[in-house]
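Asks: Listed below are the residues making up each chain.
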Amino acid sequence: MSTAAETGTGTGTERASAAGPSITPVVVRLKLSLLRNGLRQSAGRRAAYVASAALVLLFAALQLIGLIALRGNAHAASVTVLLVAVLALGWAVMPLFFPSGDETLDPTRLVMLPLRPRPLVRALLVASLVGIGPLFSLCMLIGSVIAVAHGAAAYAVSVVAVPLGLLVCLALARAVAAANIRLLTSRKGRDLAVLSGLVIAVGAQLVNFGAQRLGSAGLGQLDPAADVLSWVPPASVVGAVDAVSEGSYGVGAARLALSALALAGLLSLWSRTLTRLMVSPDSSTLPDAEPARDRTRSARLGRLLPPGRTGTIMERSLRYVWRDPKTKAAWVTSLAIGLLVPVFNALQGTGSIYFACFAAGMLGIQMYNQFGQDTSAFWMVAMTISSPRDAYVELRGRALAMLVITLPYAALVTVLTTAMLGDWPALPEVLGLSFALLGAMLATGAWSSARFPYSIPQQGYKNVAPGQAGLAWLSIFGGMVAAALLCVPVIALTIWLNVTANGDDWTWLLLPLGTAYGTGITLLGLRLAASRTATRLPEILSAVSKG
Amino acid sequence: MGGAAVRVQGLWKRFGQQVAVAGVDLELPAGRFIGLVGPNGAGKTTTLSMVTGLLRPDQGTVEVVGHDVWRDPVEVKARIGVLPEGLRLFDRLSGRELLAYTGRLRGLPGAEVDKRATQLLDVLDLAGAQHKLVVDYSTGMRKKIGLAAALLHNPEVLFLDEPFEGVDPVSAQTIRGVLERYTASGATVVFSSHVMELVESLCDWVAVMAAGRIRAHGPLAEVRGEAPSLQHAFLELVGANARDTGSALDWLGGGTR
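So the sequence lines, in the order shown, correspond to chains A and B. Residues in the first sequence are numbered consecutively from 1, following our numbering. Residues in the second sequence are numbered consecutively from 1, following our numbering.
Be careful, since some hints might not be right.
Here are the computed lysine to any residue pairs in the SDA-like style, where the Cα-Cα straight-line distance is at most 25 Å [stated by the list, open to error]:
#1 B/LYS132 / A/PRO325
#2 B/LYS132 / A/ALA534
#3 A/LYS328 / B/VAL135
#4 A/LYS546 / A/ARG40
#5 A/LYS546 / B/LEU121
#6 B/LYS132 / A/ARG323
#7 A/LYS328 / B/GLN130
#8 A/LYS546 / A/ALA534
#9 B/LYS132 / A/ARG40
#10 A/LYS546 / B/GLY86
#11 B/LYS132 / B/ASP91
#12 B/LYS132 / A/LEU304
#13 A/LYS546 / B/GLY107
#14 B/LYS115 / B/LEU26
#15 A/LYS546 / B/GLN18
#16 B/LYS132 / B/LEU121
#17 A/LYS328 / A/PRO457
#18 A/LYS328 / B/GLY177
#19 A/LYS546 / B/ASP91
These aren't lab readings, by the way, just hints derived from the structure by calculation. Quick caveat: nothing in here was measured; it's all calculated off a predicted structure.
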């Protein structure tokens, strides 16, 4: 057996090294086939791919025009060097968030083939040139050198610089992916991928913030950073073109050499990781070296909660907020938006104190589709519900778990907004409104959890299983409108007190009234939802098991 | 003992055009180790789901230990333990947390749950992994923790859907030991499988299912009849006698490449 394998390997390398048929075209064709077959699977996927390709190409064309327009600007070199550095950063980070993006480049799939690392690395590198990402990067690199290149020598250097820069980016991405493949194929890596949307959203905010700062302070601010980055590959290829344009040929050559060196280093790192991967077990066969969780912490959480079924349900819900990536992402989004909207509005001076109710509204969304968040594990809950009373305790436990977080948070956001606007007399009424809204959201959330359950796929970024999007919209948006309508009495009272003479003296009444209203309506909503849940257990289970 | 643990009458389930269960009538005796066997797609999982109240039948009645599953869920759910196939557990809990959660949801006192959980984790050889998240468990470990969760409230009837699917021999032996001890005390186990050798060595009563119907049922020896093994009897029953591959693969084996 082993001799057969060895001879197999031997003939394979002999053929490859004897300049016979190289595996590079095979791998490139494989990549194209995978791409084509992936698109053939569904019209939706095809449309999404074409749309994103068109968008990326449009964006690439726009930035190409922008970069060409930058030509001659005093800060052109700084801008382009930074752009390429950001591009490289993107390539380095991308495989961590989109690990399944490229099947041909997953070396663990090629492990059974008699391939040597060197031809394999060459083939994989060439194959990774195929795609929208590399095309976009190519456009950006070409635009960058056009913006900075002056003179024949600079153009000549550009011809080397552009492919070199692109290859460094790709090699960087592959080296990072290969080095982290154990993480990426493990559960933790998949959890990480779910949170990536959040990271991108936050990153976009930072970029936005940075762009605004630059807009007000001028491009000159970039120069110091660019001076350093023009020595860092792959941004140094643009630095090289810039240096040659200014006549410093030595500096240019050094920068180009740095990038070439980086490429060689990354390729050898990648090749070494590949070799190691091919001969070592994957994460599924390795025992988890994770140390045992300490028991005291969870015991302490349990002691703070009420005993019996209610506490058990709360404990499980709260653990899931932290441990389940989808639930965690949803919570972090709600918490962030619930804080940012009122606070940013207050900061810009255009804000109204009533924006503070946004926190209650955003967090209330988490009550929607409670059973969908359980996925098919809902059967464990269904097996323990045999009467509306059981269902009521289950839903009440979940609502209480939510309140542990939302009640203090909504109060905190309201106080913070009030403090920023300095409108302390309005605090009680806004708090009262917030609590009424929170109660209405919990009530409608519980009811629509029972009436319109839908699956949340555990893999990928989607939050709705195919075919259930309408259900999800109906559930959340219908629920939000219903919640707003349910709050009408409290809102009407607020308006009335604010417009009538001397009404301001009585607005504090809204705090107890709003709180009582919210509590009452929550209890009512839970009751209605409970009787529905108890009679529809099998239907809910099949609706939430599609993910 | 001697009464029926499960009584099924005229059970039907359609999914769109496809009929998954086409009129099942079945009476499973109490205190036995019962195997529900059949090829993939025979309707075993659908039947078990309807019997345990996880799927609503289009037609028919199901009684477990004398109580109607749909009209009297309080009585039934307290008396049965279930390990479904293809449904997840709350896998972001550790093994011990999962048992603590399940037991308390079932209304058992906390101290009792923790005592039983410790013993079950020990017997099922999961004590070393009790603080690991279930999502990081192997298939065998998942089946074992699922079994522990199903046994925690000491049910009268235990329903297991493919409990040995994808389970390593060591875990399988552990599961077997626990189930044998459990039935010896007079409880009923109903499990589905398509591995005939397993069913033959474990069960004393079998029901054979194919294409949504029960083809045969009764004590093992009766169903096996004249056939040398349950495997043969089964192939006979479902009409899938070994097909001769003939000369179609005549190049396979024999040294020539």
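Asks: Taking the hints in turn, state whether each one holds.
Replies: To see whether the hints hold, each was checked on the structure:
{"no.": "1", "hint": "B/LYS132 / A/PRO325", "verdict": "17 Å, holds"}
{"no.": "2", "hint": "B/LYS132 / A/ALA534", "verdict": "32 Å, violated"}
{"no.": "3", "hint": "A/LYS328 / B/VAL135", "verdict": "16 Å, holds"}
{"no.": "4", "hint": "A/LYS546 / A/ARG40", "verdict": "23 Å, holds"}
{"no.": "5", "hint": "A/LYS546 / B/LEU121", "verdict": "31 Å, violated"}
{"no.": "6", "hint": "B/LYS132 / A/ARG323", "verdict": "12 Å, holds"}
{"no.": "7", "hint": "A/LYS328 / B/GLN130", "verdict": "24 Å, holds"}
{"no.": "8", "hint": "A/LYS546 / A/ALA534", "verdict": "21 Å, holds"}
{"no.": "9", "hint": "B/LYS132 / A/ARG40", "verdict": "41 Å, violated"}
{"no.": "10", "hint": "A/LYS546 / B/GLY86", "verdict": "11 Å, holds"}
{"no.": "11", "hint": "B/LYS132 / B/ASP91", "verdict": "10 Å, holds"}
{"no.": "12", "hint": "B/LYS132 / A/LEU304", "verdict": "23 Å, holds"}
{"no.": "13", "hint": "A/LYS546 / B/GLY107", "verdict": "29 Å, violated"}
{"no.": "14", "hint": "B/LYS115 / B/LEU26", "verdict": "37 Å, violated"}
{"no.": "15", "hint": "A/LYS546 / B/GLN18", "verdict": "18 Å, holds"}
{"no.": "16", "hint": "B/LYS132 / B/LEU121", "verdict": "12 Å, holds"}
{"no.": "17", "hint": "A/LYS328 / A/PRO457", "verdict": "14 Å, holds"}
{"no.": "18", "hint": "A/LYS328 / B/GLY177", "verdict": "40 Å, violated"}
{"no.": "19", "hint": "A/LYS546 / B/ASP91", "verdict": "17 Å, holds"}
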